[in-house]
Each structure stands twice: as C-alpha cells, then as structure tokens.
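A.B. asks: With my numbering, letter number 141 in the sequence shown gets 141, and the count goes up by one each step, no holes.
Keep in mind the hints are simulated off the structure, nothing from the lab.
Computed from a predicted structure; not experimentally measured.
Yeah, the Cβ is synthetic: ideal placement off N, Cα and C, and Gly gets one too.
Fair warning: there could be bad hints in the mix.
[What the hints assert, rightly or not] Straight-line C-alpha distance at most 25 Å; calculated PhoX-like pairs for lysine-lysine:
| id | residue 1 | residue 2 |
| --- | --- | --- |
| 1 | Lys110 | Lys177 |
| 2 | Lys272 | Lys242 |
| 3 | Lys177 | Lys347 |
| 4 | Lys347 | Lys331 |
[Stated by the list, open to error] Across the chosen pairs, the derived CB separations fall in these ranges:
| id | residue 1 | residue 2 | range |
| --- | --- | --- | --- |
| 5 | Glu203 | Arg410 | 40 to 50 Å |
| 6 | Arg129 | Gly162 | 29 to 39 Å |
| 7 | Ser357 | Gly162 | 37 to 47 Å |
| 8 | Glu204 | Glu401 | 50 to 60 Å |
| 9 | Asp115 | Ala430 | 49 to 59 Å |
| 10 | Met381 | Arg360 | 24 to 34 Å |
| 11 | Asp115 | Arg284 | 16 to 26 Å |
| 12 | Glu128 | Leu81 | 17 to 27 Å |
| 13 | Arg16 | Gly82 | 40 to 50 Å |
| 14 | Arg410 | Ser357 | 47 to 57 Å |
| 15 | Arg16 | Gly162 | 28 to 38 Å |
| 16 | Leu367 | Asp133 | 15 to 25 Å |
| 17 | Arg129 | Gly107 | 37 to 47 Å |
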Amino acid sequence: MLERLESSERFASYGRVVRVVGLVLEATGLEVGLGALCRITSHSRDHSVLAEVVGFHERGVLLMPLGEMDGLHPGSIVQPLGRTFGVDVGPALLGRVLNGLGHPIDGKGKLDVIDRVPLSAEPPNPLERQTIDAPMETGVRTIDGLLTIGKGQRVGIFAGSGVGKSTMLGMIARQAKADVNVIALLGERGREVRDFLDNALGEEGLARSVVIVATGDQAALVRARGALVATAIAEYFRDQGKQVLLMVDSVTRVAMAWREIGLATGEPPTTKGYPPSVFAALPRLLERAGNGAVGGITGIYTVLVDGDDFNEPVADAARSILDGHIVLTRKLAAQNHYPSIDVLESKSRVKDHIINSAQRQAGNALLRLEAAYREKEDLIMVGAYQRGSDPYVDAAIIYRERVLQFLQQRPDEITRFGDTYTALLQIAEAIETSVGKRS
C-alpha cells in the first residue's frame, strides 16, 4: 500500500494572481524559491505567459512575466514548473540565432543539443585561471598595434550612440582568431539586429558564431537573461578547451533592464535611479569571463555612455572591473575617422605583458606623436604654429597622413597581426629619424 502511494501521481500545486502593479504580478498560494519558473494561465485558458519569481513578502510571491500580460486578470492560475532557467548547449549552436531565453528564432529548426546548463555559475577560481600571456588578434589595426588585447582579457568599448561600435564589433567577429564567437545583441532596435547579421557579421562570421538577440521592446527579464544565456554558452565552449570571444552589446542596456526589475520589486533607487543590486550583479556577470583551467573567454563588452558622459555610474563601474577600455568618440566619428578610437583615452591593462619590447617602443612613439599633435592642433589649423619649436610636433605634421592611414580602417579591410606589427615599426622608425634630425 505504501509503495502504491509513493508511486502515485502527486497533486499539482497552484497559486492565484491577486495583484498586478507595473511590471510585477503578486500571487498567493505558492511555495517556490527565487528564480523559479511558473506558468500563468487565464481562467478561459486562452492565454498564458511564463514568469519568474523575483521576490516575495509575507503576503505572497512577486513574479515578472517573460511576455505580454494582456488577458491575465485577478485569479489567473499560477502553476510552478519545478525548474529554474537553463540553456541548451552543444556544438550545433554554431551558426544559430537565439532569443534572450536561448530558443532558436532563425527558422532553422530545433537545436541538436547535448546538455543543459544553468544560467548562473561561479567564476573560475582565481588560482586556477591561466595567465594572460598571448595576444588575441582582432583584425583591427589600432587595437592590435596600440591597445593589444590578450586571450582571456575583458575589455569595454565605451561609446555614445551612432559612433560605429556595432560596425567595429562586426569587424572583430569576422576577423578575430577565436575558435567560437558568442555575440549578444541586447536592447537593440530590431532593424539594427538584422543589419548586424547581414552586413557587419556576414555569413562567414555567423558560421562560427552563436548570436543571442533580445530587442529593446522585449520584457526586461528577457533582456537581462540574454546576458546570462550568452555567458553560459561561452562557458560551455570554454570548458571544451576552446578560445571563445564573447561580445555583449550592450552592458548598459542590461543594467537598465536590471534597474527596471529592481525598481519594480521595491528596491530603493540610488545613483541615476539604479538600485544597489545592479552594481552587485555587474561584477558577477563580468568576472565569469576570462581564462579557465583549459580554455578561455575573451570578453568584449560595449558600454553605451549616456550623453557622452564617460563617468556615468554604469560606465564608471564597468571601467573599474574590466581589464581595459577602448573609447570611441563622437568627434572622430564626425571627422569620418573610423574606427573612431581615441587612442590617448583608451588603455589595455595587459598589453605590456603580451607584446615584445619593439612593439611597445613603437607604440609609445606613435602615441607620443599623437599627443603632441593634439596639444598644438588648434595652432596648426590656423597656421599659427612655428615650425622648429617642437621636434615631435614637426614630425607629427610631416607624418600626419601616414599615422591616419594606420589608425583608420574600412570595415571590409582585412589586416593580419604581422602586417600591423610591421607597419607600426616602420612608422616608429620614420618618427625616430625625423625627431633625431630636428632635436
């Protein structure tokens, strides 16, 4: 008799929606934990939506839907699904486009997966991480020559809107020497997503990439989960011994989604309306990238600066966590200087550990020349600069076109690391000769 009772089907537990305020539903009659998935169904059963438990209080639990709430009403049935978020993984993910929940949206059929992993994971043990000792070739001359990124480094691209960051991401995705690209387009406009896939990434780039898309019109929870889905997929390939390039565009829109969730669940707003949980979640997300015991994740995260304010809260927090920052400026973009990288404001914190002394000296010479030109640029433009007063400014004027040819690059222009290295050394040699003659 006892065995029959144990093997019999248990009663399913249900709750009821009692309140909806803004983005949050309140339900009673449930015994579930944070992160649990539930299905909310109307009485007529003609509409249902998935939701996640994001909080609770003495009266019940708080849920946020993953879709539209139209058609739900007081008393709608809430059914716990007995699981939390996870993502299906496997080699068949390559070449596929997924939504923010990890489901395919490219019309290529179901995923042929071999495992399912949770969205949340602990970062690798710091003592088990491999050291960053080799450069990651990006195919962008300015980055490879002056701001060299290492395999396993995490770097931010800080930019305002419309200065070419998506185009540069596409260049890197097509040309970078990585085994796998994982690209998350979060909070973007739908038109930009298709444009990125067709033009910036292309068929060649997509073939070795996994793309996760959550457009700006989707629920905050979907946009926030998109970053975790991308990171979990990158971790899967890293654990297979692969060198993974993880690109998230943009961290700022993920933080905005976290802000929506936090404020909706009653957190107090702090700096610029961001609740404290945003600044706790940011390092947890970014620290998951990097080298592991067998493979590595090189993380490139775009940070959309509000009003070109590079010291706004999310940008400031991200800069303090990441291993480097690449700054794109509107001034350079307005001059049709692409990629619009400000080499004097940008920095790679591991560069000096992964390049040789010849490249270091050549890079420093070019940067010094650029700094000298910027300092006297107004005088040069109005013809008030006196030749011979500064040998570096003189050299900067002479070699201005050559320096700009190095710093500027067409999106379809392919440059290998060796060619970049040679071009940089040739410019530095010419600068040294010119300065030596004038000093």
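A.B. asks: Okay, which hints does this one fail, numbers in order?
C.D. replies: 1, 2, 5, 8, 12, 13, 14 and 15
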